[in-house]
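Since the structure of chain A is already known, use the hints to place chain B on it.
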Amino acid sequence: MDVDTATSAVQVSTKHTFPELEIYCYLLVLIFLIDQKKYEEAKACSSLSIARLKNLNRRTIDVLASRLYFYYSYSYELTNSLAEIRRNLLSLHRMATLRRDELGQETLLNLLLRNYLHYNLYDQAEKLRSKAPRFEAHSNQQFCRYLFYLGKIRTIQLEYTDAKESLLQAARKAPVTARGFRIQCNKWAVIVRLLLGEIPERTVFMQKGMKKALEPYFELTNAVRIGDLELFRSVADKFSDIFNSDRTHNLIVRLRHNVIRTGLRNISIAYSRISLVDVAKKLRMDSPNPVADAESIVAKAIRDGAIDATIDHANGWMVSKETGDVYSTNDPQSAFDSRIAFCLNMHNEAVKALRFPPTSHKKEKESAEKRRERQQQEQELAKHIAEDDDDDF
Amino acid sequence: MDPKLVEVTQVFDRFKAAYTRNDLQTCSNLLTELKVMLTKFPSLPPLFQQSPNAVQELMIARDIYEHAVVLSVKAEDQDAFERDFFQLKPYYTDICGIIPPSPQEYPILGLNLLRLLVQNRIAEFHTELELLPSSALENSCIKHAVELEQSFMEGAYNRVLSARQSVPHETYVYFMDLLAKTVRDEIAGCSEKAYEYLSIADAKQILMFSSIKELSDYIAEEHPKWKITNGCVFFQEAKDSAPCKEIPSLQLINQTLSYAKELERIV
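Heads up: the protein sequence lines correspond to chains A and B, in order. The first sequence begins at 1 in UniProt numbering and counts up by one. The second sequence begins at 1 in UniProt numbering and counts up by one.
Just chain A, with the same shape it has in the complex (with noise of 0.2 Å):
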């Protein structure tokens, strides 16, 4: 009822004032409203003013538009009702498209993007992603969902450095006071790297309010760095309900094959013979036929370069190869070329990333005329000079 007396009232002053202020105003109702958990009346609420939106062609109100259009979403996705509005979500980034909105656009996208997350429609998703227009970004939280969003689906897909990459950025242009946010980023980041066979350094896990919601990915990174089958089947089973809430339990059948990698490339450091059978006893294998499952695996990992030995098959042994001097080989060469190419690298992306303030190019012109004109003071005041010296010959 609330809603009724509340969006009527603004329709009639509407016609003596400014759409802005009545949008403005539906925003203030509809933030009110979620916060005093009236979610089915900001479900309404939300959608007459979506609808009022569409009939206005203002580029005044774009900005107010975006933030309308989270609140919107947000509503709905209170209600568990998202799959309702993606086609209405669409209709406006289209039309945000056409008028050249671009923080519309980019708003829409990222509540898209979200939407599609919602329901794991990952192929959507990246769809949508790939072939949306791109562009500067022009606020930065929208970029940061967006880089979370994209790390999510590189994650599913497979392309794990760039995943790594989006989610790292992602956690650290987030705001320091988006807590949830960011935390949800380190535990993605975090799968992400483990999966790359990198172990996450200790402080990750320790930055400030996140200990405790890291927990378990702690405890799961700890046991990938080990090595131990058993400890990470532990482990998976004890956090099993939170890891299904993050949604990263499939991740994390995934992580298996990394952490049969880690124990094995253990054993073949510590050992330059070893039979098969220990191996397998090693890595906890519980399969029929533990010993022919070791052998294959072992050389699978020989042939993707993960451990570096031959296998005699006759006498049913693993023989470690002698590391070589690597000081001979071109390897600390081009290790050390690609960590300079980094460092240049940040140091260009620093220098694109450079801000100045909106006007400060103006003061520069302001004080070139000035310089101008108090050269032409000076040329005036040579001349005058050479002038007077003329006539006093």
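Hint data in this document are derived by calculation from the structure and do not stem from the laboratory. Hints are not guaranteed to be accurate.
[Claimed, not checked] Away from chain B, derived, C-beta distances all over 10 Å, residues of chain A:
| no. | residue |
| --- | --- |
| 1 | Glu102 |
| 2 | Phe135 |
| 3 | Lys212 |
| 4 | Leu231 |
| 5 | Val298 |
| 6 | Arg355 |
| 7 | Lys370 |
[As the list claims (entries may be wrong)] BS3-like mimics (lysine-lysine), calculated; alpha carbons at most 27 Å apart, straight line:
| no. | chain 1 | residue 1 | chain 2 | residue 2 |
| --- | --- | --- | --- | --- |
| 8 | A | Lys321 | B | Lys193 |
| 9 | B | Lys227 | A | Lys321 |
| 10 | A | Lys352 | B | Lys261 |
Ideal Cβ placement from N, Cα and C applies to all residues, glycine included.
Just chain B, lined up with the frame of chain A:
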């Protein structure tokens, strides 16, 4: 009853009769006819119009596409499988509220996962997997495909092959056979790197050939570099990362010049 619906049902009955007879040619002809007829139903995706016959129409359409998918497996046509599966998919995802879920749903989804695995489209495999609720992962058909993927990634190829004996559905055999070929190539690639040599008997066993003749044919065809001497298969030794004697001067000059250029921009 709607005359169009009656007509479709009749043709579909003829299709099913041909299907049980394993008469693939007649089946595919009838299927084409059926698909054209389905386009006349307004309640099917993507229109989803509300009509009094909507439930029956959706049910029969889903049934037809399910048969089409299985038929394409029987005909061993992977492209047709993909097409038919994508036509079927909206029936599982978008209208589960209108008609009861199909008993064929999980077998067919599992079959699709297996197809993606065989075609080595792992990214799509995981994308599809994310769409399934966690309860679905307990289903034997889905579980089968998921476990296969895991074993495949780990390199436990024996488990992949032994899974053929425990297929949850007869249609899975076709893809499992395809998978066996992929697995053999993988094993050959791994063995090449992992072993210096293998006795012929061991090689035969590891590469899963029933006779030595097949093994030598395979080697001659796929890996001509392998040598068979004294009853052993010798793999070509890889000689990478040998200590380098030469200094790659041209490359170094290029790199140094680019550093100089970058530094000049900074200073």
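Notebook entry, point to check: Taken at face value, is the distance from the CA of B:Lys193 to the CA of A:Lys321 at most 27 Å?
Noted result: holds, 13 Å
Item checked: 10 Å cut-off, C-beta based - A:Phe135 kept clear of every residue in chain B -> At about 26 Å from chain B, A:Phe135 clears the 10 Å cut-off, so the statement holds.
Check: Holds or violated: B:Lys227 with A:Lys321, Cα cutoff 27 Å?
Finding: holds, 23 Å
Next item on the list: Classify the label on A:Glu102 as holds or violated, using whether its beta-carbon is more than 10 Å from each beta-carbon of chain B.
Entry: holds, 29 Å
Next item on the list: Would you check the hint for A:Lys352 and B:Lys261, treating anything up to 27 Å between C-alpha atoms as holding?
Entry: holds, 17 Å
Margin query: Please check whether the beta-carbon of A:Lys212 is more than 10 Å away from every beta-carbon in chain B.
Written below: At roughly 24 Å from the nearest Cβ of chain B, A:Lys212 sits farther out than 10 Å, so the non-interface label holds.
Item checked: Reported absence of A:Val298 from the contact zone with chain B (all CB gaps over 10 Å) -> violated, 7 Å
Checklist line | Given as non-interface: A:Leu231, partner chain B, CB spacing beyond 10 Å | finding: A:Leu231 is indeed farther than 10 Å from all Cβ atoms of chain B, at 17 Å.
Next item on the list: Find the nearest Cβ of chain B to the Cβ of A:Arg355 and say whether that gap is larger than 10 Å.
Entry: Non-interface label on A:Arg355 holds, nearest chain B Cβ at 19 Å vs cutoff 10 Å.
Margin query: Using Cβ atoms and 10 Å as the threshold, tell me whether A:Lys370 really stays out of contact range of chain B.
Written below: At roughly 31 Å from the nearest Cβ of chain B, A:Lys370 sits farther out than 10 Å, so the non-interface label holds.
Hint 5 from the earlier list is the only one contradicted by this structure; the remaining hints agree with it.
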